[in-house]
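Protein chains: 2
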Amino acid sequence: MDDIIYGKNSVLEALVSGEREINKILISKNIHSDVKLNKIKELAKENGIVFQFVAKEKFQPYAEYNHQGIIAQISPVKYYDIDEFLENSYENKSMVILDGVEDSHNLGAIIRTCVCAGVEAIVIPFRRNVQVNSVVEKTSAGAVNHIKIIKVNSLVNAVQKLKNNNWWIIATDASANDNYFDVNYNDMNFAVIMGAEHAGVSKSLLKLADYTVKIPMLRKFNSLNVSNALSAIIFETVRQKLSNIKK
Amino acid sequence: MDDIIYGKNSVLEALVSGEREINKILISKNIHSDVKLNKIKELAKENGIVFQFVAKEKFQPYAEYNHQGIIAQISPVKYYDIDEFLENSYENKSMVILDGVEDSHNLGAIIRTCVCAGVEAIVIPFRRNVQVNSVVEKTSAGAVNHIKIIKVNSLVNAVQKLKNNNWWIIATDASANDNYFDVNYNDMNFAVIMGAEHAGVSKSLLKLADYTVKIPMLRKFNSLNVSNALSAIIFETVRQKLSNIKK
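Listed in order, the protein sequences are those of chains A and B.
Number 1028 marks the last residue of the first sequence (the numbering used here); no jumps.
Number 1028 marks the last residue of the second sequence (the numbering used here); no jumps.
Keep in mind the hints are simulated off the structure, nothing from the lab.
Do not rely on the hints blindly, as some may be mistaken.
No distinction is drawn between identical chains; accordingly, a pair holds when it is met within one copy or between any pair of copies.
To be verified - With a straight-line Cα cutoff of 25 Å, these simulated SDA-like cross-link-like pairs (lysine to any residue) come out:
(1) 919 - 998
(2) 995 - 899
(3) 1001 - 970
(4) 859 - 1004
(5) 810 - 826
Fair warning: this is a prediction, and the values are worked out from it, not measured in the lab.
Generate coordinates for the entire structure from the input sequences, incorporating the hints supplied.
In structure tokens, the structure reads:
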């Protein structure tokens, strides 16, 4: 089970102190509104933390806690801020941006792959993407502690900021003309955007990409798991880097 | 839940007819030995089907069935025979051999990757490797029906047969000198052996390999998930194949 903080006072205290990283706040639909609850919602909004009003059945797994109809799910890692990240200078570094990866096991596998391949950071949005929870931490085999996870409110804004800082943006799209290995990944900072398992990368992000690439399929079966797709691409960038050093 | 056949008569009938593909037979330790049970064990041995004597608690999930202490787990696919496979001639084809992959989700992801990358067949051993079950089928997103799954009693014998038929054997090993992208995969039939998540490829198989390769790690974190490791290697072979055609 995920780490949680429960009860109005504790959740409010966590928001005020800002010491714990909150993935999401669940509020029972049956809870009575009062000053504390309003303060919680206000602080959550300010800090870009998602809160959801849910049926009381959602609190079943937490029955043993005196939760008073409010629970904050805590992340096992501290998320990074994109502005803070960009204050440092980078050279020939890579980054992975996830646009709608919903499965915890996939995120865990992606984090492992990224750490092995020397990726600098992974960017995830607050909404419509799985957050780093205890399943992700476990599936990542501890890799989650060896990479920067950047959480952002808007992927479009984040990509724009990266571009302003001379990062090159590579988006994956099944209908692209170029293959992922046609790009020269050396001598630049680049970010690879991976899309949702079914919908792919959002159009608004595809528009911002410097390169759009596909993974060529040798059979008429276009359904690679997102972590396996990323692995193919990210290790091609490793191959190019190591081949470049040899020259 | 997996497809099952239950009760002495039905399991015996399935073994005699050979029409259903049996992954494993579970026999309760409390069952009384008789002519039928002896016949079941005899036929299972003959056909290389694993049978296990288990505590009656193992039958809990099947409580609704009148199983009489015996259950056969059925595969959703028909397995291929290696001799049958090798009777056909192959040119520039690839194959993946799994030596101790225990997780159903990993096998499912590997099958998806192999189908997308045009791999001809996947070889798994009867023992110490997950079989194709309903979780594998689901995780593979149906890919399991688009590739030949070959089940063998001995991986060593299978690899020897492949070598005798001019297949080249590439084994992965974290301590190898060469990187996987140093091998030229064009103009040959080749089989890539992937090892167990922790133990790696068995020594007896490493000895038979024509090439031993590693995936270079850019951080001191050597723990790639097996399906992601395979994806990096197998799409490098695709890259080489497509680059070769262009020339």
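If the cutoff is 25 Å on CA atoms, where do residue 1001 and residue 970 land: within, between, both or neither? Let me know, please.
between (34 Å within a copy, 21 Å between copies)
Between residue 995 and residue 899, at a C-alpha cutoff of 25 Å, which is it: within one copy, between copies, both, or neither?
both (22 Å within a copy, 16 Å between copies)
I want to check one pair: residue 919 and residue 998. Are their C-alpha atoms no more than 25 Å apart within a copy, between two copies, both, or neither?
Between copies, since 20 Å is at most 25 Å while 31 Å is not.
Within a copy, between copies, both or neither: which one fits residue 810 and residue 826 at a CA-CA cutoff of 25 Å?
Within. Shortest intra-copy distance 18 Å satisfies the 25 Å Cα cut-off; inter-copy 60 Å does not.
For residue 859 and residue 1004, with the copy left unspecified, which applies at a CA distance of at most 25 Å: within, between, both, or neither?
between (33 Å within a copy, 22 Å between copies)
Checked against the numbered hints above, the structure breaks none of them.
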